[in-house]
Amino acid sequence: MTATVLKTRIALLGGIYSNYLALGEALLDIKQLGVDAIYCLGDMGAFGPYPNRTFPLLRENNVLCLQGNYDDSIGNQLDDCQCGYTDPRDNHFAQISYDYTLANTSAENRRFLRGLPTEIRFELGALRVLLCHGSPRKTNEFLWESATSSHFLEYLADEHSSDATFATHTGVKWRRELSGGRQFVNVGVLGRPENDGRQCVWYTLLEWSAAAGLAITFRPLDYDFRRLAQEIRQEGLPEEFAQTVETGWWTTCLEILPGKERSQGKH
Amino acid sequence: MTSPAPSVPLSHLDDLWFQVGGTLCNLTCNHCFISCSPKNDSFGFLSLDDVKKRLLESVALGVREYYFTGGEPFLNREMVAILVETLKFGPATVLTNATVLKDEWLADLQAAYSKSRYSLEFRVSIDGFSPQTNDPIRGEGTFARAMGGVQKLVQHGFLPIITAARTWSDERELEVVQKFVAMLREAGYARPRLKILPTLQLGAEEQRSCGYHELDRVTPDMLADYDASLLVCEHSRIVTDRGVHVCPILIESADSLLGQSLAESGVSFPLSHGACFTCYQYGAICSNASSGRSRAKA
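Residue numbers (this note's numbering), protein chains in the order written: chain P, 37 to 303; chain C, 14 to 311.
Mixed in with the good hints there might be a few duds.
[Unchecked claim] Only pairs whose alpha carbons sit at most 25 Å apart, straight line, appear in this in silico BS3-like list of lysine-lysine: (1) C:Lys101 to C:Lys52; (2) P:Lys302 to C:Lys165; (3) C:Lys208 to P:Lys302; (4) C:Lys165 to C:Lys101; (5) P:Lys43 to P:Lys67; (6) C:Lys115 to C:Lys52; (7) P:Lys302 to C:Lys192; (8) C:Lys65 to C:Lys128; (9) C:Lys128 to P:Lys302; (10) C:Lys165 to C:Lys192; (11) C:Lys128 to C:Lys115; (12) C:Lys101 to C:Lys128.
[Said to hold, decoys possible] Sample of chain C residues lacking proximity to chain P, with all beta carbon distances greater than 12 Å (derived): (13) Pro17; (14) His44; (15) Trp118; (16) Asp121; (17) Pro144; (18) Arg158; (19) Gln164; (20) Pro173; (21) Trp181; (22) Leu236; (23) Gly256; (24) Ser266; (25) Gly272.
No wet-lab data here; the hints were simulated from the structure.
Glycine residues also receive a C-beta, built at the ideal position from the N, C-alpha and C atoms.
Sequences are here, hints too, so could you generate the full structure?
Listed below in structure tokens is the structure:
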């Protein structure tokens, strides 16, 4: 990307969590829209079945990827996913998911994950764009909408010289405008629904032009969630994971949620 | 001790605490690490004006979230107004024994919370899943009174985080947690949130248990390959009526007072106390789970 570009459209994908079915639908949607680039902000594995099915889709569609905490762990064959959970039940399910994903990710794909960058920067005119996984300062930091003050986001933007910061990691999309036209965007995830009783997943479309500036659109995406649930069960992964994709309500990783986000869910 | 205590710099002021209830409490728990009681006025209340000044001061420093403790914060008559004001600035968490909560306060707080983009968390201290296990620690009748407070919070639409100090053996942890969850569900709290904390062998707890041994200290080599962001002093400070201290646990230690302004308090702090050892051992003992600070990994 150079300063001479006058307008662009970019797709930003959050955690895939081995949901290759949703990734496939997203790529079809993106193709129809027409974009100049596709980025994935990390966490290719977790929750879902058949982790190796994600990687050909990323390669064939030239998706430029960041390394999330899961990717660092799988790539380097660490003991756990570094997800940052503090609750024993959250960690129990995270470990099941992690052990399955590590055992079923090929050496070639692990090498790919190991070599990914932890941030990507580019400029759109004078706008400095920063893509990261959790936060600009820490890969596995959770930035929840209800637990993150605006002045903390201003601090991060100043400290990391960014006018538009994009992250994922929490699993829930959100956006906040900051001073001087800056902003922070959580792009959501393709991996699982948003704990709102809907089965769809989300990705983000960034559109920029020198004349109109930056526009952000969250795009909902329907996919074959029944098939995903069936495959989760076939692979012997926890029933709770299948229920999440079927119902749209999170059944695990609940204790990490701040009160406001927890209240919006069912469990 | 041959090694000097290692110093930990403040990487960024993420969490700003307020000793808003001073050391006054309507209860006299026998494990309280600052010996709060109805008669302990060594630290006083913070006023709404005190808190407002600090909130304004915190904006330029990029503070991420705010925590309120005591003593019992809700003995401070301005507590509701303080939380309402804080929710204009950022996420707020209040640590309470829930025995003095009033419906009209919670209605006002729910109204402010609904309008705010930020979370308002109540961390309710209950140290056993029954009167028989809780009351010997927190006082006669306190289990029933605290559970009454929990039910009020739930009725007003909050999801309180029940916080219990680990006064049982590690082997009993699973059983105790299960009994807590079952008790809370039976009381009408359908999806209970629970935070288990280590005890800190200070204040009243020093009398109850044995206090820290002189070898219970953090040494420089212990910080090698250690994620220092788990230490409270690495990302927090606390305001009391005396000034700004290093962390909520050590306010009674003279060396904990670091200055009068938040900016002045951003100095390194030596981990020279026994309580620093507990903080090191368990990590993130004061933070909410949503901060993602985890003892294991990372």
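For C:Arg158, is the shortest beta carbon distance to chain P beyond 12 Å? holds (23 Å)
Taking only the CA atoms, is the gap from C:Lys208 to P:Lys302 under or equal to 25 Å? Satisfied, since the Cα-Cα distance of roughly 20 Å is no more than 25 Å.
Verify this label for me: C:Asp121 is non-interface relative to chain P, using a Cβ-Cβ cutoff of 12 Å. Given that every Cβ of chain P is farther than 12 Å from that of C:Asp121, nearest at about 17 Å, it holds.
If you draw a straight line from the CA of C:Lys128 to the CA of C:Lys115, is it 25 Å or shorter? Holds. C:Lys128 to C:Lys115 sits at ~20 Å (cutoff 25 Å).
Does the structure keep P:Lys43 and P:Lys67 at a Cα separation of 25 Å or less? holds (18 Å)
Keeping to a limit of 25 Å between CA atoms, is the pair of C:Lys65 and C:Lys128 held or broken? Roughly 19 Å between the alpha carbons, so the hint for C:Lys65 and C:Lys128 holds.
Does C:Gln164 really sit off the interface, with its C-beta more than 12 Å from all C-beta atoms of chain P? Given that every Cβ of chain P is farther than 12 Å from that of C:Gln164, nearest at about 17 Å, it holds.
Minimum C-beta separation from C:Pro17 to chain P exceeding 12 Å: can you confirm that? holds (29 Å)
With a cut-off of 25 Å on the C-alpha distance, tell me whether C:Lys165 and C:Lys101 pass. holds (24 Å)
Decide if the proposed pair is consistent with the structure: C:Lys101 and C:Lys128, CA atoms, cutoff 25 Å inclusive. Roughly 9 Å between the alpha carbons, so the hint for C:Lys101 and C:Lys128 holds.
Regarding the assertion that C:Gly272 does not contact chain P, is the least Cβ-Cβ distance greater than 12 Å? holds (20 Å)
Pair hint outcome, P:Lys302 versus C:Lys192 [Cα-Cα no greater than 25 Å]: holds (22 Å)
When held up to the earlier numbered hints, the structure conflicts with 1, 20 and fits the remainder.
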